[in-house]
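S.K.: For the record, the sequence lines run as chains D and V. Each number in the numbering used here comes from the position in the first sequence (counting from 1) with 16 added on. Position 41 of the second sequence, counting from 1, maps to 36 under the numbering used here, and the rest follow consecutively.
Incorrect hints may appear among the rest.
Claimed, not checked - Simulated crosslink set (EDC-like; lysine to aspartate or glutamate; CA at most 16 Å straight-line): (1) D:Lys366 - V:Glu206; (2) V:Lys371 - D:Glu289; (3) D:Lys223 - D:Glu244; (4) D:Lys178 - D:Asp132; (5) V:Lys81 - D:Glu279; (6) V:Lys209 - D:Glu350; (7) D:Lys343 - D:Asp404; (8) V:Lys92 - D:Glu184.
Unchecked claim - Sample of chain D residues lacking proximity to chain V, with all beta carbon distances greater than 12 Å (derived): (9) Gly65; (10) Gln111; (11) Gly114; (12) Asn135; (13) Thr137; (14) Ala181; (15) Glu218; (16) Lys220; (17) Pro255; (18) Gly257; (19) Gln285.
Calculated directly from the structure, the hints in this document are not laboratory data. Cβ coordinates follow ideal geometry from the N, Cα and C atoms, glycine included.
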Amino acid sequence: MLTFLAVFIGNTALAEQKTELAMGQSVYPPAGGIWKTPPAQGALSPLSGKSLKTVVFVTNRDSGDVTVIDAQTDQIINRVNLESWVNSHMAMSMQMGGKKMLLVSGTQKNVVYLIDLDNGTAKVVPTGLAPEHFDASPDGHTAYFANIDGGSISAVDIMAGKELARIEGFYEPHGVTFHPTLKKAYIPNLGAHEVGVIDTVEHKLIKRIAIGELPKVAALNPDKYLGEIQGIVNVTLTPDGRYAYAADGDSGQVGVIDTATDEVVKTLQTGEEPWRAYASPDGKWMMIPNNGDETVTVIDARKHKVVATLPGGAGMTGINYALDNRKAYVIAAEDSSVLVYNLPSFTSKKLVLGKNLALETAATTPDGKKVYVAASTDNSVYVINAEDDQVKRIANVGQFPWGVAIMDGQNYCH
Amino acid sequence: MKRLLVYAALLLVSTPAWAETNLQDRIQDMESQLDSLKRQVEDLRGRATLLGLSEEVKQIKQYVCPRGHLFDAPQTDNRCPTDGAKVRERVSYRKVKLARQESIGEKIEAALADEAKKSVAVGASATGITQQIGKSGISGTTDRLFSSGSVDLFFVSRPAAFSTLFIDLEGAGGMGPDQLLGTMSGLNDDAGRVVAPEDKVMLREAWLSFEFGKRRFRFTAGKVDLANYFDANRVANDETTQFLSSPFVNNPVLETQANGPGAALFYDPGRTFYAGVGVQSESGSGSVPYKQIYSIAELGARLNWLFHKDGNYRIWGRSHGQLGIYERAVGVSVDQRLSSRVMLFGRCGGTGRGYVDRTFAWSAGLSYSGPFHRSKDEIAAAYGSVNQRTVGGERIAEAYYRAFLTEHLAVTPNVQGVFRSDVLVGGLPLADPALVFGLRTQIEF
Chain D
17 MLTFLAVFIG
27 NTALAEQKTE
37 LAMGQSVYPP
47 AGGIWKTPPA
57 QGALSPLSGK
67 SLKTVVFVTN
77 RDSGDVTVID
87 AQTDQIINRV
97 NLESWVNSHM
107 AMSMQMGGKK
117 MLLVSGTQKN
127 VVYLIDLDNG
137 TAKVVPTGLA
147 PEHFDASPDG
157 HTAYFANIDG
167 GSISAVDIMA
177 GKELARIEGF
187 YEPHGVTFHP
197 TLKKAYIPNL
207 GAHEVGVIDT
217 VEHKLIKRIA
227 IGELPKVAAL
237 NPDKYLGEIQ
247 GIVNVTLTPD
257 GRYAYAADGD
267 SGQVGVIDTA
277 TDEVVKTLQT
287 GEEPWRAYAS
297 PDGKWMMIPN
307 NGDETVTVID
317 ARKHKVVATL
327 PGGAGMTGIN
337 YALDNRKAYV
347 IAAEDSSVLV
357 YNLPSFTSKK
367 LVLGKNLALE
377 TAATTPDGKK
387 VYVAASTDNS
397 VYVINAEDDQ
407 VKRIANVGQF
417 PWGVAIMDGQ
427 NYCH
Chain V
-4 MKRLLVYAAL
6 LLVSTPAWAE
16 TNLQDRIQDM
26 ESQLDSLKRQ
36 VEDLRGRATL
46 LGLSEEVKQI
56 KQYVCPRGHL
66 FDAPQTDNRC
76 PTDGAKVRER
86 VSYRKVKLAR
96 QESIGEKIEA
106 ALADEAKKSV
116 AVGASATGIT
126 QQIGKSGISG
136 TTDRLFSSGS
146 VDLFFVSRPA
156 AFSTLFIDLE
166 GAGGMGPDQL
176 LGTMSGLNDD
186 AGRVVAPEDK
196 VMLREAWLSF
206 EFGKRRFRFT
216 AGKVDLANYF
226 DANRVANDET
236 TQFLSSPFVN
246 NPVLETQANG
256 PGAALFYDPG
266 RTFYAGVGVQ
276 SESGSGSVPY
286 KQIYSIAELG
296 ARLNWLFHKD
306 GNYRIWGRSH
316 GQLGIYERAV
326 GVSVDQRLSS
336 RVMLFGRCGG
346 TGRGYVDRTF
356 AWSAGLSYSG
366 PFHRSKDEIA
376 AAYGSVNQRT
386 VGGERIAEAY
396 YRAFLTEHLA
406 VTPNVQGVFR
416 SDVLVGGLPL
426 ADPALVFGLR
436 TQIEF
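Please put together the full structure from these sequences, using the hints given.
M.R.: Next up, the structure:
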């Protein structure tokens, strides 16, 4: 196992950075990609004394670092540098045994970073090919990283910093969802029309569940289905963990899985090319953006019934709920906008964030009052105040910001 | 001398300690370098593996339990191991990674092919319709088979941000059964566009559209078909994919003119309400008197008042002048989802007194998508009425089943009925009822 120091910017550098930000200039070093600031060990982190619930972590894919934003002031307060060309994809902050931890997937380097935010040290754990998305077990001891190119899951012991097992048998595994109480995790296969179930004690694939039925015409028109495949992006649990929703892109269907038996109890038709389901925190709704026909399917998650199909936008990449389930924000990446739906009336309006923006992912603060949206094309994060839908831009976040994460907030990645 | 000897002795004594420290440092340094090298080798191995990987989607056969449990191999006695239920076979697809080296030439070729796809998008649609009059009051019509068809070639390009250039070239032929039955409503809207000489290729639409004002406004100008923008309906608005009868494509009192120079401006903030206005030349000419301008305005609302199910409600008003007389009409168009598969539509509208007498028309119907576990298929039925004060009235009904044979090929058998028609053809009543059976084939790319 390798260990290296995650380089934190010291207080002096922070002051300089703020100055540069005020001038609207890049905060990045000219060449080489890595900050040359001396390693800052010990309690130099400005995170000390802060709750991780008020800290936003943004992974920047092209600059190989993670930007830290104070959600109370919306100022950049820190930057965690990884390695050059690492293509960091997703981050997750967590509190474990009094320690503040940050987990980051280093997709291009085939490693994951387990960073101790208190002392600025990190453990680098080699994984399978291209780890992108991951989830941590409810007890916080283990994390499963989905190696999308390797077709495997790396089970990693977070505190020991080592890979416990590499679980094979997946086809472009695109995510991981740990069940909150049952000892299992659900793995969606983007490159197949099935969900895998892992026993998280034994770290073994124990079941495979078929999702979606391709139209019979597929056999007559194989070109489409043999050209590209759009399987399952994510498995979304209802907040009580009773059911799991898995949307299959090619079939335009979502399978409802009873998590007690891992059986598909219902299959619902969505719009064309559904992306994935997003559960409202109150457990009432599942909303699914359909990028094929640019609609949003609304499902009553208690009755497992489609109750509405709403007009959506182009290239929808995520849905964030806010204000105690009174609002839902749908990111329409190719429209440079966010669609705002009032629940449960489902009246909507469009919030245009700018021009030619590629909006990626977003996170809602735990209090549901703000939504942070990463925009990769202009290296910014847009902060939406859910009360009045006013938007604030945090510029120069990093190069190609992608994943946004807040502890106990509503987070997702794509 | 004695002091020198002491120094020499001390030096000899201390040398091993120094040497040992030096050795340990060197070992540590080498271990560190070894770690670094190991890591670099891991890194290179990963990169090399990625470079060699190709992807391919494979068709596979799987075995599925009724409750979704999935296996790659047949199960004992064809029974599900968990509950003993019968296992069924299914054909599915799976993406696999292959360690197959592609030459640089192959990769460049693939990249160029991808790039070519991103330039001007070209689409094509061909519709063929065969209709047979099953019953009518006019003698000599039931043995007649009518064929019509149209081919459309679309070109779409984005010349600038938030703009679209659209061109539709169409060739059409065949007049449909209305040349004999002469209904008030029109039994083949696709053939209704055919003008003599038949079979010529015409520029059906050519317009440039752009968005502005935070993309809330959309302005379209050129040779346009205003019926594409106003009186829209999700269930009944397209003669090539939905109902064939003209009253179920647009409200008869909408009376949009043949495609010609025109413009449409829509304001849509993406909320509940939206609105639009449009104008078009009556004569198809770019230079027309202002009295021969067709103008229309529409207010639309997206509502989810019915059990949270989505519906579109539109009200429009239009005005146009011919023969020096203005004529105005108003109408509404509604489509409302009743369940995830069932959608309802309704239209009605009427004209004021104009160069023809007052006309009132209404229609309503239902569509059901995904019958018989065929998710893309659709069944629909509609009934409507047209009444003109001086000429009389006519009732019309249509039902169709649209079946997809492949992703791009659909066949639609349909039946149309004309009831209580007051129309006289050659001095004879049309029929009560007249029945027309049809088969539409559509290929779309």
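S.K.: Since glycine 257 (chain D) was said not to touch the interface, does its Cβ keep a gap of more than 12 Å from each Cβ of chain V?
M.R.: Check passes; 18 Å lies beyond 12 Å.
S.K.: Quick one: work out the minimum CB distance from glycine 114 (chain D) to chain V and report holds if it exceeds 12 Å, violated otherwise.
M.R.: holds (30 Å)
S.K.: Holds or violated: lysine 178 (chain D) and aspartate 132 (chain D), Cα atoms, limit 16 Å.
M.R.: holds (15 Å)
S.K.: Is the hinted pair lysine 209 (chain V) and glutamate 350 (chain D) satisfied, with a Cα-Cα distance of at most 16 Å?
M.R.: Within the cut-off at roughly 14 Å; holds.
S.K.: Need the status of pair lysine 81 (chain V), glutamate 279 (chain D): alpha-carbon distance at most 16 Å?
M.R.: holds (15 Å)
S.K.: Decide if the proposed pair is consistent with the structure: lysine 343 (chain D) and aspartate 404 (chain D), CA atoms, cutoff 16 Å inclusive.
M.R.: holds (11 Å)
S.K.: With the threshold set at 16 Å, check whether the alpha-carbon distance from lysine 223 (chain D) to glutamate 244 (chain D) stays at or below it.
M.R.: At roughly 25 Å apart (the allowed maximum being 16 Å), glutamate 244 (chain D) and lysine 223 (chain D) break the hint.
S.K.: With d taken as the least Cβ-Cβ distance between glutamine 111 (chain D) and chain V, does d exceed 12 Å?
M.R.: With a cut-off of 12 Å, glutamine 111 (chain D) remains clear of chain V, as the shortest Cβ separation is near 30 Å.
S.K.: For asparagine 135 (chain D), is the shortest beta carbon distance to chain V beyond 12 Å?
M.R.: Holds: least Cβ distance 21 Å, greater than 12 Å.
S.K.: Just double-check glutamine 285 (chain D) for me: nearest Cβ-Cβ distance to chain V has to come out over 12 Å.
M.R.: violated (6 Å)
S.K.: Does glutamate 184 (chain D) lie within 16 Å of lysine 92 (chain V) when you go C-alpha to C-alpha?
M.R.: With a Cα-Cα distance of about 13 Å, the restraint between lysine 92 (chain V) and glutamate 184 (chain D) holds, given a limit of 16 Å.
S.K.: Would the non-interface assignment of glutamate 218 (chain D) survive a Cβ cutoff of 12 Å against chain V?
M.R.: Correct as stated: the minimum Cβ-Cβ distance to chain V is 18 Å, above 12 Å.
Comparing the model with each earlier hint shows violations of hints 3, 19; every other hint is respected.
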